[in-house]
Amino acid sequence: MARLSTDLHPPAVAGPAAREEADRSDRVDRVTLIRPATRWPRLDLRELWAYRELLGILVWRDLKVRYKQSFVGIAWAIFQPALIAVVYTIVFGRFAKFPSSGIDYPVFVFAGLIPWMYFSSALSTGASSLVSNVNLVTKVYFPRLLLPGATVFVPLVDLALGCVVLVFLMWHYDAFPDGVVFVAGAGFVLLAALTALGASLWLSAVNVRYRDVPYAIPVFMQVLPLLSGVPFAIDQAPEKWQWILSLNPMTAVISGWRWAVLDAPEPQWGQVGVGVAVAVLIFLAGLTYFRSSEPRFADTI
Amino acid sequence: MSVAAITAEGLSKRYRIGELQAGYGTLRDSLARAARRVGHRQHHEKEHIWALEDVSFELGEGEVLGLIGRNGAGKSTLLRVLTRITAPTSGTATIRGRIGSLLEVGTGFHPELTGRENVFLNGAILGMRRREIARKYDDIVEFSGVSRFIDTPVKRYSSGMYVRLAFSVAAFLEPEILLVDEVLAVGDAEFQRRCLGRMEDMGESGRTVVFVSHNLQTIAQLCDRAILLDAGSVVMDGESADVVARYLQSGLGSGSVREWPDDETGPGDRVARLLAARVVEGDGTLAEAADVRRPIGVEITFRVLEGDTPVIPKIKVVDRQGDIAFNAMDTHDRWHGPTAPGVYRATAWIPGNLLNEGLTAIDVELVSLAAPKLLHHAQERSAVSFHVQDPGEGDSARGLFTGQVRGVVRPLLDWDAEGPS
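As they're listed, the protein sequences go chains A and B. For the first sequence, numbering that gives the first Met the number 0 assigns the number 0 to the initial residue and increments by one for each residue that follows. For the second sequence, numbering that gives the first Met the number 0 assigns the number 0 to the initial residue and increments by one for each residue that follows.
Bound-form chain A, shown alone (with noise of 0.2 Å):
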């Protein structure tokens, strides 16, 4: 028979007889050994993947408590973005008058804004996962790195709420995407979802220890949509801040979505790049973190 292990060394081989029979095995393993924190994080996927179903009724979970309500759930989730867009439509489309690559400003900066909000609410709530599960955490044995996993699925509602809008706003301005290309825009929300997530294992971890967390998060969401160029194009800022910029994966993010959905410029392929660079850096990183300090979230939250 199949003796899965948690251990570090488990069986090499593994047949598909094997691998059915563990599948069978309702999801715990048979063997667990149980010692104390290793010196290096490990990722353990296979551990990950028999509990996959945990991370689905955790998103089924806060998408059935978020839409309980669901005249107030969807008009949230289409009324926040479309009231900034005025904002900004009437503050920096019409005052400041900021490039907008040629198409019409409120399409345009609503188009920014909606993989923004994504970004915004997965990080939010993300960040705060392991604090607001607290009950789960200290009773219960699970990956914790489902928490918030969870919390990068559940926005991706509003996000396709706001595509409704969007499309809708497309029509009334005729900009529309250039073909197939529009596809590109799932690239672009993955990497908003890999930043989001990467920043997320980082702060999550970070704020069980230090309950200052929630209080910095605003600060930096008041800021980063003007980093990222959700009110204006990128690819009209000057050279050499482009390049700056694009250090923040959502920069490329929101030009490339543009570029994908409403036909604005190309970004610049080598600006992509610095962003999915770092974004990969921020996950590594942030992944490594919270897995070292995974075993002591129990007894310091």
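Hints are computed from structural coordinates only; laboratory data are not their basis. Cβ coordinates follow ideal geometry from the N, Cα and C atoms, glycine included. Keep in mind that a hint or two might mislead.
[Said to hold, decoys possible] In silico lysine to any residue, SDA-like type, Cα no more than 20 Å apart, as pairs: (1) A:K63 x B:R129; (2) B:K135 x B:T113; (3) A:K67 x B:N326; (4) A:K67 x B:A345; (5) A:K63 x B:V279; (6) B:K154 x A:K96; (7) A:K67 x B:T6; (8) B:K315 x B:G341; (9) A:K239 x A:E265; (10) A:K96 x A:L225; (11) B:K154 x A:L62; (12) B:K315 x B:V279; (13) B:K135 x A:E52; (14) A:K63 x B:A345; (15) A:K63 x B:N326; (16) A:K239 x A:L283; (17) A:K63 x A:S131; (18) A:K67 x B:T113; (19) A:K63 x B:K315; (20) A:K67 x B:V279; (21) B:K315 x B:N326; (22) A:K67 x B:R115.
[Claimed, not checked] Stretch-level coverage of chain A by chain B, calculated; a stretch enters the list once three of its residues show a Cβ under 8 Å from a Cβ in chain B: (23) 34 to 47; (24) 137 to 146; (25) 160 to 170.
[What the hints assert, rightly or not] To give a feel for the contact side, a few chain A residues facing chain B, derived at Cβ under 10 Å: (26) R29; (27) T31; (28) G55; (29) I56; (30) V64; (31) K67; (32) V71; (33) I73; (34) R93; (35) N132; (36) E238; (37) K239; (38) W242.
Following the hints, complete the assembly by docking chain B onto the known chain A.
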């Protein structure tokens, strides 16, 4: 198959003292602590305590183990280590089989979700697969007895319904190894009995169970074996009846006073709450030990919060084996009608020459009559305890005998005798 289900070797867990009080802080606190530490390096060691120290045991498949010890003895820490909620500081444990843990009923229940939704959520959190929950769903709902309200958000449930639904999910967990913290302390007596019945079945069906409880009776009833922990170390490991007896004799249990200074957190519900329980002599002074020949009082102070229910003070006297000696409630007619809000003090006088020698524990309860049952507003197991002693002056039921007198009670009887004829 005689392979051990759980093998623990030298499990130890160290906490920093600050962590036990408030785990988290702000960055400023940490900086301040770091600054202090630079100045006083030698104090470093003192900041730690061992919640668990070198705990080793082996538990065979199908064994039911009880963990006992006073608060802070390390029972819960051991359970948290075994369930992988927290990692040990040193030592290892190997667990063979699918683990299920139950440290709280209704872990992860969300108030906004309906009973049905919470069954699936809670089941998944406790480690059940979706298919498995779907298969057992009807049985779970039936066991809970809340099927009429299953599509109502649980925030509208009474606390009794909430606990019953939560426990029903847990009761259908079918792990090979079940780790249970004191979760039976909630719920009404009838439901508790049904849950205990299910747990007993688990033991009989070859499931390995580790069970923490303050209720020594439950331990003696459910477990074959018990481990007594004190200050993080194993004091005794053996047959549950022996370990329970040792625990009661060692004086590790509660003392003669128990106070709940905070109205909000004392045992009780919205109708009434316990404030204090004391063991007193005839003159009202505290008694650690009671002379077997003299009456001893159990004084209960409690607050009635709502004025529309009769609240009756009640005690349950438990002997050192964990057996109930007797139950007694105040039958005076002052408790017959609804009890007006306010603070009350009632003292139950246990007559002299009734109890046997040894440690006696008192469960203190506040109840209402709800025939054929009692409705418990507050219930504190082993709230207070005291030693019954016989000075051996020949005028007790012991007479001139100096050996052990067995029995739950030891009344001094009137004997009639005739002869020689």
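How the hints compare with the structure:
As the CA atoms of K63 of chain A and R129 of chain B are separated by approximately 17 Å, the hinted pair is consistent with the 20 Å bound. Annotation: proposed proximity of K135 of chain B to T113 of chain B holds, straight-line Cα distance about 17 Å (limit 20 Å). Proximity of K67 of chain A to N326 of chain B is assessed by CA-CA distance (about 48 Å); at most 20 Å being required, the pair is judged violated. Taking the CA atoms of K67 of chain A and A345 of chain B, the gap is near 49 Å; set against the 20 Å cutoff, the hint is violated.
Distance check on the hinted pair: K63 of chain A and V279 of chain B sit about 55 Å apart at the alpha-carbon level, beyond 20 Å; violated. Between the alpha carbons of K154 of chain B and K96 of chain A the distance comes to roughly 51 Å, so the proposed pair goes past 20 Å and is violated. The hinted pair formed by K67 of chain A and T6 of chain B fails the criterion: a straight-line CA distance of about 46 Å is larger than 20 Å. Pair hint K315 of chain B plus G341 of chain B does not hold up; C-alpha atoms about 24 Å apart against a cutoff of 20 Å.
The straight-line distance between the Cα atoms of K239 of chain A and E265 of chain A is roughly 18 Å, inside the 20 Å bound, and the hint therefore holds. For the given pair, K96 of chain A sits about 15 Å from L225 of chain A by alpha-carbon distance, which is consistent with the 20 Å threshold. At roughly 18 Å between alpha-carbon atoms, K154 of chain B and L62 of chain A fall within 20 Å of each other, so this suggested pair holds. Proposed proximity of K315 of chain B and V279 of chain B is supported: the alpha carbons are some 16 Å apart, at most 20 Å.
Restraint check: the Cα-Cα separation between K135 of chain B and E52 of chain A comes to about 17 Å, which is no more than 20 Å; the hinted pair holds. A threshold of 20 Å between alpha carbons decides the hint, and for K63 of chain A with A345 of chain B the separation of about 50 Å lies outside it, so the pair is violated. At roughly 48 Å between alpha-carbon atoms, K63 of chain A and N326 of chain B are farther apart than 20 Å, so this suggested pair is violated. For a cut-off of 20 Å, the pair hint linking K239 of chain A to L283 of chain A is broken: about 28 Å separates their Cα positions.
Simply put, K63 of chain A and S131 of chain A have alpha-carbon atoms about 16 Å apart, close enough for the 20 Å limit, and the pair holds. A hinted pair counts as satisfied when its Cα atoms are at most 20 Å apart, and K67 of chain A with T113 of chain B qualifies at roughly 11 Å. Taking the CA atoms of K63 of chain A and K315 of chain B, the gap is about 46 Å. The hint is violated against a cut of 20 Å. A distance of roughly 55 Å separates the Cα atoms of K67 of chain A and V279 of chain B; the hinted pair therefore is violated under the 20 Å criterion.
Of the supplied pair hints, the one linking K315 of chain B and N326 of chain B holds, its CA atoms being roughly 4 Å apart against a limit of 20 Å. A distance of roughly 14 Å separates the Cα atoms of K67 of chain A and R115 of chain B; the hinted pair therefore holds under the 20 Å criterion. Proximity of the segment 34 to 47 of chain A to chain B, defined as three or more residues with a beta carbon under 8 Å from a beta carbon of that chain, is established by the 3 residues found. Three residues within the 8 Å Cβ limit are the bar, and the segment 137 to 146 of chain A against chain B gives 5, so the coverage statement holds.
Requiring three or more residues with a Cβ within less than 8 Å of a Cβ of chain B, the coverage given for the segment 160 to 170 of chain A is violated, as only 0 such residues are present. Here the hint on R29 of chain A is kept, as its CB sits about 7 Å from the closest CB of chain B, short of 10 Å. About 4 Å separates the beta-carbon of T31 of chain A from the nearest beta-carbon of chain B, less than 10 Å, and the hint is met. The interface hint given for G55 of chain A holds, since its Cβ lies 8 Å from the closest Cβ of chain B, which is under the 10 Å cut-off.
Nearest Cβ of chain B to the Cβ of I56 of chain A: about 4 Å, under the 10 Å cut. The hint holds. Of the supplied interface hints, the one on V64 of chain A holds, with its beta-carbon coming within about 5 Å of a beta-carbon of chain B, less than 10 Å. Hint status for K67 of chain A: holds, given a least beta-carbon distance of 5 Å to chain B, under 10 Å. With a least beta-carbon distance of about 13 Å to chain B, the hint placing V71 of chain A at the interface is violated under the 10 Å criterion.
For I73 of chain A, the interface hint is violated, the least distance from its beta-carbon to any beta-carbon of chain B being 16 Å, above 10 Å. The interface hint given for R93 of chain A is violated, since its Cβ lies 42 Å from the closest Cβ of chain B, which is over the 10 Å cut-off. Annotation: N132 of chain A was flagged as interfacial toward chain B, and the flag holds, the nearest CB pair being 8 Å apart, inside 10 Å. Interface restraint check for E238 of chain A: the shortest CB-CB distance to chain B comes to about 38 Å, outside 10 Å, so the restraint is violated.
Checking K239 of chain A against chain B: minimum C-beta separation of about 34 Å lies over 10 Å; hint violated. At its closest, the beta carbon of W242 of chain A sits 32 Å from a beta carbon of chain B; the interface hint therefore is violated under the 10 Å criterion.
Of the hints listed earlier, those the structure fails to meet are numbers 3, 4, 5, 6, 7, 8, 14, 15, 16, 19, 20, 25, 32, 33, 34, 36, 37 and 38, in rising order.
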